[in-house]
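When we follow numbering that gives the first Met the number 0, the leftmost residue of the sequence shown carries the number 0, and every step to the right adds one.
A few of these clues could be false.
[Unchecked claim] Calculated lysine-lysine pairs in the BS3-like style (CA-CA distance at most 25 Å, straight line): (1) Lys72 / Lys128; (2) Lys121 / Lys75; (3) Lys72 / Lys25; (4) Lys25 / Lys75; (5) Lys128 / Lys75; (6) Lys128 / Lys25.
For the record, the hints were derived by calculation from the structure and aren't laboratory data.
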Amino acid sequence: MQATPNADHQYGDRAIHQAATEPLEKWPNPSANPYTIHLEHPEFTSICPRSGYPDFGTIVVDYQPDDWVVELKAFKLYINSFRDRRISHETVTNEICDRLWTELTPVGLRVIGDYTRRGGVKTVITVCKGDSQLFVPYTANTL
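Please build the complete structure, drawing on both the sequences and the hints.
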């Protein structure tokens, strides 16, 4: 017997699509003190535009907020929106950085795409905007 999908069957797909096309949810920065926020999304996936094979990696975001901080579920859904896109490592890392820079207007921002080794090649893409001296050096995943 075939299962009947319920009304919430595609809730995740809808939420991910909305995250890709609508502004990110953000909150006012709760503090006047300078501080940094470190986010890691270790389940990043996209599709290689050349081979069509899946790419896997970790997206790391460090930023010093000015007026805004990103809501974490919105960030997760936005990163998940790349899962079915044919996009290069370089393009996706720059696209994430550009969007966060535009929508959050932080003091400094660093986005790192630490991609899983493929064909013996390890790729780590780092994109910085604003005051990137705020962040500790990143140690790439060795897998």
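Right, here's what the structure says about each hint:
no.: 1; hint: Lys72 / Lys128; in the structure: 23 Å, holds
no.: 2; hint: Lys121 / Lys75; in the structure: 24 Å, holds
no.: 3; hint: Lys72 / Lys25; in the structure: 10 Å, holds
no.: 4; hint: Lys25 / Lys75; in the structure: 13 Å, holds
no.: 5; hint: Lys128 / Lys75; in the structure: 21 Å, holds
no.: 6; hint: Lys128 / Lys25; in the structure: 19 Å, holds
When the structure is compared with the earlier hints, no violation turns up for any of them.
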